[in-house]
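Take a look at the letters that make up each chain.
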Amino acid sequence: MTMTTSDQHASLPIEHNPLASMPHDSHGGIANPVLGMLLFITSEVMFFGGLFAAYFNIRANTAQWPPVNPETGAPFTLEILPFVGPATVLLILSSVTCQYAIWAIRRDDRTVFLRSMAVTVALGIIFLLMQMTDYVLLGSEGLTLSSGTYGTTYYTLTGFHGAHVFGGVIMLSVILYRGMVGQFSAKHYDAVEAASLYWHFVDVVWILLFSLLYLLPGKTPAA
Amino acid sequence: MATTTLTPTGIRSRSSVFAWITTTDHKKIGIMYVINSFIFFFIGGLLALGVRAELAEPGLQFVTAQTYNELFTMHATFMIFLFVIPMLVGFGNYIVPLQIGAPDMAFPRINALSLWMLPLAGILLLMGFVTGGTAAAGWTSYAPLTEDRVLAASGTGQDLWIVAIVLIGTSSILGAINFLVTMFKMRAPGMTLFRMPIMVWTVLVTSVLVLMATPVITSALIMLFIDRNYGGAFFDPSRGGDAILYQNIFWFYSHPAVYVMILPAMGMVSEILPVFSRKPLFGYKAFIFATAAIGALGFSVWAHHMFTTGAVYLPFFSIMTFLIAVPTGVKMFNWVFTMWRGQLMLKTPLLFAIGFLTMFLIGGINGAFSASVPVDFALHDTYWVVAHLHYVLFGGSVFGIMGGFYYWFPKMTGRMMNETIGKAQFVIMFIGFNLTFFPMHELGLAGMPRRIADYASTAGWNDLNVLATIGGFTIAASMLLFVWNVFMSLRSGPIAGDDPWEGNTLEWATSSPPPAYNFDHLPEIRSERPVFDLRHGYPAEH
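Going line by line, the protein sequences match chains Y and B. Taken in order, the first sequence gives residues 5 to 227; the numbers are from my numbering. Taken in order, the second sequence gives residues 1092 to 1633; the numbers are from my numbering.
Bound-form chain B, shown alone (with noise of 0.2 angstroms):
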């Protein structure tokens, strides 16, 4: 047998460190996809107790208002677009090669592009903070708000905002043609596309939004640009621009964006019902399509966000937004009924997956009413879409997001996390998420208004929001619990083994964590549960 290797001469002695940060290899560039993502979640979250600190009592304690402007612009920006975004991107990195059968991404190079660029956008936001004022005027930047320099961000902040965001963009839209040409081109053989993994699936439908509709807010966002730095008029209404263009074009990107974060984490929950429930996923292909009818209704329903501008047409965008709870309601049904008479293993994963179905029904329900035109005037820019928003990003998407970290931890470091631990921090989170978001239900009905530094102490609104901060910090002891299971885990876990869950799908099939180039050698794939298979003897051909 000949012994010639591979080894080029004069590169062993790089550190490790110089590995991780040249590497191409899909598993390391996902783990730092999450490991990046987490540190803008600390980041987004502390801003976010800031943002509860101040509203606890009526009066201005910490901050001024403008202070208070960049905390809640910079909380969901960096929630947003540095953390659910890039998390499930990362957890796609990682998870969908191993899936499908393949070595790595289609462009490696590409792939690690992808993620360098968001340290860079983050390390753009926050210097906001040193040079006179981050982006202040909320999230979605709202021209012609932000076209007032002392309005928007008295300093470069919200250049500096538009220059991070696009660079974002750019990375999710090589990160979604990366994603496509890996899946249609490198499936292994017999991995058929009705028999990807749901989580294959819901990046695929995800990867085709962020195609179609990122480049649009990166239009938007090079237009107010042009407006603030080169004395542009695209959304100054006093020279012949138009007031709303910018808020037509921002949401046309910003709807199919909640789907784009919340489809992955949809594709996480799907992954571990079926395995902590001992049964197929109900309704394979049904579920398949109802993520794509959400992605295609996705792009009709953007000016449900604007329906108190007079300027869209409000049957259209009512009735398109009402027809996404169609297919959101089918995939309820494909979950129930997955659990249905199955053996339930209450592990971890399957808490947080449970907590996601339950959290975002009510993230659904609660954004059926604000589709309705007369509601959504009475309930527009109150805290019912600040609770409603919560109840599917944080409800839906972390708790998703949570169930897969527990999920996945043993297939990418090998070690098991400390299940008691594990269903602490799940009692703590959840119990947290509802003090604080619950109470924004009631408050956005008794009239309270969203990004408000202050309130009057007469306006009957002190009760719910000391018990939302009380839930804010409930919420960010849940996530120490975490750090420290996670640290613990890393160092004395127990060993995972290839597959400690009995899963159904390819990446329980190598090992744990998986070498380089994923698999020595492939099962059969004769359906959508080639592991499942393996292990129980293969399905009649069909």
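Same shape as in the complex, but just chain Y (with noise of 0.2 angstroms):
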């Protein structure tokens, strides 16, 4: 416990002391970390809703989509990215790994949890670098966040995705680290079921994100 709560509290005996006596996360059911992390999520399936809907609003406005890159002529186009399908594939797979690890914590297994989140985390880290790798091939290509609507919507939502995925890792590995020193049992995972449910949220998301951008045909303007 924090000092601060204790300290209200230092001169009681502890058969007084109310936290123990009063009753309170009684009702059962969904643990308070998990609910509170459902929530958050729906916090941040507003977020995304906000910069898909100006992706959908801007795309809808405009009559060639991918626009013409001013410089070279020709629409821009991300058919250039070698990285894309395998990091797609690797992010699916992180997710898979990271239920697997929830599911060995319920048996109590903690090797094979510690050993699935670690695949989990470097996966994660993978698909960043992969990620990088992209985003640097993109703007030799003359593709930058200033390069009108195009390139904005592209490295925005790509962006914010990538800093979930990034906020994902290191909350993960806050989890291995936790399961590493061994906080984690059958009996206490809340934070784990937490963690997971983000991770799961953010795959969700690039799921949305790279039908949008990679499989959507464009559309060119009426003859």
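Treat the hints with caution; some may be incorrect.
As the list claims (entries may be wrong) - To list a few chain B residues with every Cβ distance to chain Y over 12 angstroms, as calculated: (1) Ile1130; (2) Ala1156; (3) Ala1197; (4) Ile1214; (5) Trp1431; (6) Leu1452; (7) Glu1510.
What the hints assert, rightly or not - Capping the alpha-carbon separation at 20 angstroms, the derived lysine to any residue pairs in SDA-like fashion look like this: (8) B:Lys1276 with Y:Ile34; (9) B:Lys1276 with Y:Phe44; (10) B:Lys1276 with Y:Ala35.
No wet-lab data here; the hints were simulated from the structure. The C-beta atom is built at its ideal place from N, Cα and C for all residues, glycine as well.
Mind docking these for me? Both chains are given alone in their own frames, and the hints should help you get the complex.
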């Protein structure tokens, strides 16, 4: 416990510590950290909703998508990216390994839990490295954050997703560290559950983004 | 009996300042929210006095046009983001765990984090004054206006504004998550959802609104930041961006945000009226469903702020806006029939609650005018809008907050506030408020646009502007009275006792101020008025 919560009751005998006798968290069901994370993910959905809405709005109001790069005279393209496909596969795989870690800790198998979690973190880091390589390649082809609506929306959407992957990697690394010092077991793994929910969410956002940016066909102006 | 204590070594020498700064106790955090909000209320109030002083006469007497733009922009920013919203969160923080019989919030440390982001954001906003000018494009910060560095702010003020609002938004989101988990998971045994006090219900609906709407403005502000600083093209029509995209995303947040600013004040009034009328709240469940309906409808009316852009579907947004009057009307009946044939105790909290009812009613009616598309085309961006928003935000929220403050001050401090000064404050504030904002209806109808520093002396707006300025300084006088009352009552107010008003809800079942973790034992909870039941006997099970 933190010092401040204990100092106010410093002089009370243990039997009268209200935290021990007060009914709290007695409703069963979903654990507080997991519910908190689900609500946080709700807010994240709305955040990405704002960005996606901006993307669709601009795309719908533009005659040609992707628009023409004024420097080359040809439309912008993402086809030069070599790592997008593998990165997507790896990120989906990392959700599987993350879930595998949850199943392991539920049956108290800490070895498998730690190994799966380590693989998940590693896959997340590889994804980020691949995304950085893609950014460098795209930049050398002339697509930057300031090259019109196409560059702005592309880098903002993928960039904020990348930032969320980075946040997820940090979150899972903390979970991994706490697992290594033995803080989790089949009876105590709410934090793992919460962090894994976040990781799955980040994965789902990527699948949507991937479909939007790489699979959805562009449009040409009506003749 | 064992005498083992929980005293950790080495912390006894900490000062009480350190204890407050590091506390995770929801009551101390709630009080600090309230203090922080009042500080920014007074800063925002001074800025408003600057606006009113400048407008008292035609011509530029005190400030330049640019400074005037900064004054009204920062006035609204402080009042909305650092006064009304955090003030209501502060009361929620203090009251909600007590009213549902919980020892604290679900995530006490995140609670402290939410609090401490706010002064930081306030400092960022204030830094605009010393870095070459604050944000000056209005609290709405419409793009593409804000993308123009010369118009929006000559310095970094607009960027500081963006960062500060994102910070406040994050604080709100974390707070909303905390409230929701607390309400769903930490209720005392017997405290079912439909036995929660109305205050708790309004904070619940507010939290849902914050959770769903605030991240959306975060996305808008981030896009604006990218446009301003990294050459983005989201809102730049000359480069393929969309000129009213920002308005759409902004109001998708900011219309629900006006319910964030009023619903908990409605909750406070709904706590005060039954206690001071000696009757249960009329139509408890109807009130809850009306609150939920306002929250839900709140997401479908954002474009009524954009009727004149010509780019929104007018009939839909107009009819949805009119629909909101229905649940709001239900609430007016709840309140009026709660007082009907009650034994009214005309103490200060009830006076402010009645002030809320009457002023909010005017704010609701003049709002319904603007919901009508043709009327709105005539009134858009005139002082009519300024009158409307102040009747709901000042006449509504601030009167509610004042009532709540007088009502819960005894619980928070253990001392009563002075009734005579309180009533005097109410009367002066009520007169000053109407003197300031009622003439603005007339000014709006006479065609005076909002956000102007100067006007022609032949426009016929002179007398009403003088009246409004006199009213503004009258409000300031009532606030000085309020501050004096708070300090005198803290020093020498009569001791309150546990339950000075003979309240209904659980916060009155513990001492004033309550101990850490709130309750040594809880009364049985069989209705939404457990302390009333304890005093008068339990109702039959239902």
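These are the hints, each one checked on the structure:
1. Interface exclusion of Ile1130 of chain B from chain Y stands, the closest Cβ pair being 23 angstroms apart, more than 12 angstroms.
2. Against the 12 angstroms criterion, Ala1156 of chain B stays outside the reach of chain Y, whose nearest CB is about 32 angstroms from its own CB.
3. Look at Ala1197 of chain B: its CB is around 5 angstroms from the nearest CB on chain Y, not clear of 12 angstroms, so calling it non-interface is violated.
4. The non-interface label for Ile1214 of chain B is consistent with chain Y: the shortest C-beta to C-beta separation is roughly 24 angstroms, beyond 12 angstroms.
5. In this structure Trp1431 of chain B is separated from chain Y by more than 12 angstroms, as the shortest Cβ-Cβ distance comes to about 37 angstroms.
6. The beta carbon of Leu1452 of chain B is kept farther than 12 angstroms from every beta carbon of chain Y, the shortest such distance being approximately 33 angstroms.
7. For Glu1510 of chain B, the requirement that its beta carbon stay farther than 12 angstroms from each beta carbon of chain Y is met, with the minimum near 32 angstroms.
8. About 9 angstroms separates the Cα atoms of Lys1276 of chain B and Ile34 of chain Y, which keeps this hinted pair within 20 angstroms; it holds.
9. As the CA atoms of Lys1276 of chain B and Phe44 of chain Y are separated by approximately 16 angstroms, the hinted pair is consistent with the 20 angstroms bound.
10. Under the criterion of a C-alpha separation no larger than 20 angstroms, the hint pairing Lys1276 of chain B with Ala35 of chain Y is consistent with the structure, at around 8 angstroms.
Hint compliance for this structure: hint 3 alone is broken.
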